[in-house]
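So the sequence lines, in the order shown, correspond to chains A and B.
Just so we're aligned, residue 8 is where the first sequence starts under my numbering, counting upward by one.
Just so we're aligned, residue -5 is where the second sequence starts under my numbering, counting upward by one.
For the record, the hints were derived by calculation from the structure and aren't laboratory data.
Possibly wrong hints are sitting among the right ones.
Said to hold, decoys possible - Mimicking DSS-like on lysine-lysine, the simulated pairs with C-alpha atoms at most 27 Å apart in a straight line are:
#1 A/297 with B/259
#2 A/130 with A/114
#3 B/234 with A/293
#4 B/4 with A/297
#5 B/288 with A/293
#6 A/138 with B/234
#7 A/293 with B/269
What the hints assert, rightly or not - From the structure, some residues in chain B lie toward chain A, with a derived Cβ separation under 10 Å:
#8 59
#9 60
#10 162
#11 163
#12 191
#13 208
For every residue, glycine included, the Cβ atom is placed at its ideal position computed from N, Cα and C.
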Amino acid sequence: MLRLRFHGRGGQGAKVASRVLGTAAFLDGYNAQDFPLYGAERRGAPITAFTRISRDDIMERGLVSDPDIVIVMDETLLSDPQAMPLSGLKKGGIVFVNTPLSPLETKEEYGIEDHVITLDITKVSLDMIGKSVLSSLAAGVASRIAGIGEEALKGALEKELSGIISDRDLLGKNTEAALYCYNTLVPVQVKTAETIREKENVITLPFETARVSSPAINATGNTPLRRTGNWRVFRPVWNYDICTRCMTCVSRCPEGCIRLNEDGYPYADYDNCKGCLVCAEECPVKAITKVREIHSRSEEGDQ
Amino acid sequence: MDTSTIRSIKELPPEENMLPGTAACAGCGGLLTLRYCLKALGDKIVIVNAAGCFTLLTIYPFSPFRNSWLYTAMACAPAGAQGVRDALDILIKKGKLDPEENLKVVVLSGDGSAYDMALSSTSGAIYRNLDFYYICYDNEAYGNTGFQHSGASPFGSRTGTTPPGKEVPVGSQLQKKNLFDIWNSHKPPYIATVSPAYPVDLMNKFKKAEQFKGPKLFISHIPCPPGWGFDPSRSVRLAKLSVETGLWPLKESVHGEVEHTYVPKKFKPVEEYLKEQERFSHLFKPVRQEDALKSIQEMVDEYWKKHELLP
Ligand SMILES: Cc1ncc(C[n+]2csc(CCOP(=O)(O)OP(=O)(O)O)c2C)c(N)n1
Ligand code: SF4
Ligand code: SF4
Ligand code: SF4
């Protein structure tokens, strides 16, 4: 049996990706299971979804804690303690990362020992679909790695996406992008050992009384530590030659993360700017431009 | 008590009483509203928050607020507020709390809670003349659990539970409840509608409300990018359009007397607002649903006609 775990951010389409993969596997003659895990999630928060694929009956239920394949749809999740996408990955497992980095660079950047496959599916999505919605592309990637046939993938995309996307044109673009990802990746052999890495400890929480399990937060204003800047696909960049210091962007930012420098010009705190681009839209003189965020290469800019 | 008015966004207080890093969606119009509200209210407040998107702003071990915060079930934030208010009053009376340390009690809830589940507990609180602020961020559905239909969902909208189909191509067939009038029939000292696109109006309404003891109620119409289906960058624009088309009148009521605080010089056609959102897209394609579009426009026109404000 193959066990896959998808890690994405709310809105990226991890749930749909796992579903398309499950259906593709089913159409290819396998038994399959797919399901998401939601916590208290909003758009942008870490989301997990699972797929099990097997020639035999699948008697296993519940979360996949020891996957053979992990699909990381947002590379910033690799350093997110809430997500920990690599936890429980079996020895010899495969990690797919959505990044412009090469597999070798990714291994070094994040200290990954396992087989890493990379592709900048955000770029593919922006180029081919026009926006960053990754469900079908991640399903294409996962189908290739799991060894599912191309026809089965096509069938699954049609079946699952036609219920969500009414626009035939958009559906076509999604299928094209998914097949592009599928065919860009080189097929691999998934041969995982049944063991997970040492030091991987699964934590079970004991039942706690209400006073312990719903504790008080005795701190104020500490959310900036959550670094929601990782949610960004585009970043706002200011052009001070045009800016009139009118304060519109400062006022309109839903996050309240635009500050003023010594000269009274605005700048975003990129640690927490979610990249909604309300500021760019509202600037009366168009002094703010939208630039594709490449997190792994922009740490200096993030400060 | 400072009730001086401000005239431009440059005069908004610079203090941020809600910090970034929350779990709210990028471009959430509700978050922008809340940011302004907290600028107006200051940090000596306690927020009593009914279950909804905004209970996720505070997730252990993080809080974006500079003030205290209490989580309640959807139906009972006003009852929670009563408990907090009573506790504060008793502590002050017994000399265990310096009156200087007194806090304003603020209820924060979505429309599902305000228009539906908590309507009776809110009615009770207004009836008892509870001294509190109530802020409802109205995204016109139960946003947190998948955008299901609520008492605030407008006619013609697609929600999780009113998908347009062959039988009912229009989506929701019900009209939005008029929460402002329901509240107003209780004759509380102060009620206002606000919008994140009009922060100066919002700020001045909070300043005005400050002079009243008793219930001070605010409803903010707020664009919700994932629920309404639009690019987050258009959030403020859509909030503006809902006001400029006349769909969301900005007004206030002082002891039951209603006054509009902003009347667009020229009303934009509602279509301009509707066509930007996925939740209304079925009204335009594959076929234009003329009747539905017409009836939405008529509903808006009738409102302004009734108030003799239609140019
Ligand atoms: C009595 C009760 N029923 C259901 C729920 C589950 N629930 C949590 S948040 C939510 C939606 C709240 O909708 P709304 O008040 O409109 O706020 P929003 O989610 O839009 O912020 C629901 C149904 C609950 N917490 N309590
Ligand atoms: S992109 Fe959005 S979050 Fe970032 S600075 Fe602009 S308005 Fe604020
Ligand atoms: S809105 Fe534009 S012009 Fe105004 S301060 Fe911001 S960047 Fe400058
Ligand atoms: S679902 Fe809508 S209201 Fe809720 S946090 Fe997201 S944008 Fe805001």
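Each hint tested on the structure:
no.: 1; hint: A/297 with B/259; verdict: violated, 33 Å
no.: 2; hint: A/130 with A/114; verdict: holds, 20 Å
no.: 3; hint: B/234 with A/293; verdict: holds, 18 Å
no.: 4; hint: B/4 with A/297; verdict: holds, 25 Å
no.: 5; hint: B/288 with A/293; verdict: violated, 36 Å
no.: 6; hint: A/138 with B/234; verdict: holds, 25 Å
no.: 7; hint: A/293 with B/269; verdict: holds, 24 Å
no.: 8; hint: 59; verdict: holds, 6 Å
no.: 9; hint: 60; verdict: holds, 5 Å
no.: 10; hint: 162; verdict: violated, 16 Å
no.: 11; hint: 163; verdict: violated, 12 Å
no.: 12; hint: 191; verdict: holds, 9 Å
no.: 13; hint: 208; verdict: violated, 28 Å
Of the numbered hints given earlier, the model fails hints 1, 5, 10, 11 and 13; all others are met.
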